[in-house]
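Protein sequence lines, in the order shown, are assigned to chains F and B.
Under our numbering, the first residue of the first sequence carries the number 1, and numbering increases by one thereafter.
Under our numbering, the first residue of the second sequence carries the number 1, and numbering increases by one thereafter.
Since the hints were derived computationally from the structure, they do not count as laboratory data.
None of the values given here were measured: they were computed from a predicted structure.
You may find that some hints are simply not true.
In silico lysine-lysine, DSS-like type, Cα no more than 25 Å apart, as pairs [to be verified]:
(1) F/LYS26 / F/LYS68
(2) F/LYS37 / F/LYS100
(3) F/LYS100 / F/LYS68
(4) F/LYS68 / F/LYS50
(5) F/LYS95 / F/LYS37
(6) B/LYS57 / B/LYS9
(7) B/LYS71 / B/LYS57
(8) B/LYS70 / B/LYS9
(9) B/LYS14 / B/LYS70
(10) B/LYS9 / F/LYS37
(11) B/LYS70 / F/LYS100
(12) F/LYS68 / F/LYS103
(13) F/LYS95 / B/LYS70
(14) F/LYS26 / F/LYS100
(15) B/LYS71 / F/LYS95
(16) F/LYS67 / F/LYS95
(17) F/LYS26 / F/LYS59
(18) F/LYS95 / B/LYS57
(19) F/LYS100 / B/LYS9
(20) F/LYS100 / F/LYS67
(21) B/LYS9 / F/LYS26
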Amino acid sequence: QQPVQSPQAVILREGEDAVINCSSSKALYSVHWYRQKHGEAPVFLMILLKGGEQKGHEKISASFNEKKQQSSLYLTASQLSYSGTYFCGTGGSEKLVFGKGTKLTVNP
Amino acid sequence: NAGVTQTPKFRVLKTGQSMTLLCAQDMNHEYMYWYRQDPGMGLRLIHYSVGEGTTAKGEVPDGYNVSRLKKQNFLLGLESAAPSQTSVYFCASSWTAIQPQHFGDGTRLSIL
Chain F
1 QQPVQSPQAV ILREGEDAVI NCSSSKALYS VHWYRQKHGE APVFLMILLK GGEQKGHEKI
61 SASFNEKKQQ SSLYLTASQL SYSGTYFCGT GGSEKLVFGK GTKLTVNP
Chain B
1 NAGVTQTPKF RVLKTGQSMT LLCAQDMNHE YMYWYRQDPG MGLRLIHYSV GEGTTAKGEV
61 PDGYNVSRLK KQNFLLGLES AAPSQTSVYF CASSWTAIQP QHFGDGTRLS IL
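Can you build the whole structure from these sequences, using the hints too?
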């Protein structure tokens, strides 16, 4: 079942923070985060495995709450290069199911 | 290092025609995936493979077939193309399901 991402879109000014959420109705084994710029392929950001860990990548970090079946992506002090569509993918033993994406626009 | 290469990059077909999309990876990955991406729908899994000689259905397999005769190649076939199959198709590969997926640049397919 497709995970639900919120918000669907967000517009920021450079330097502002944002949070993107990913929720699933099924128990999660892993959560993957990818970013896709317009006209390009998705690019891997990070993976979180069950256990509530938090990971970081530059000024982007994520958390995974196994009990709530949720993951959140935190973008701190956003840069223009952060613009794009962010997808979460929830994983089982063989494949991922991706959400519909959150479009992030960072303006100067 | 090429990574994941998709062929062709663009194609226009007429309804009822057939074609094959080729995905090749040079990372010795076991897992390979075919997705389609439509506006507002995210990435939807068509078929996938967990190793040479294996294939399995994803979320939207109808109208597509796949083959993985060699570990490095994953072919996606459309036997009788329909306008509803107009989309951007992405191939991806990974070591396992919990390792990062590496995506190709995509194939933009239009069916008239």
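Checked against the structure, which of the hints given earlier come out wrong?
-> Of the numbered hints given earlier, those the structure breaks are 9, 11, 17 and 21, listed in rising order.
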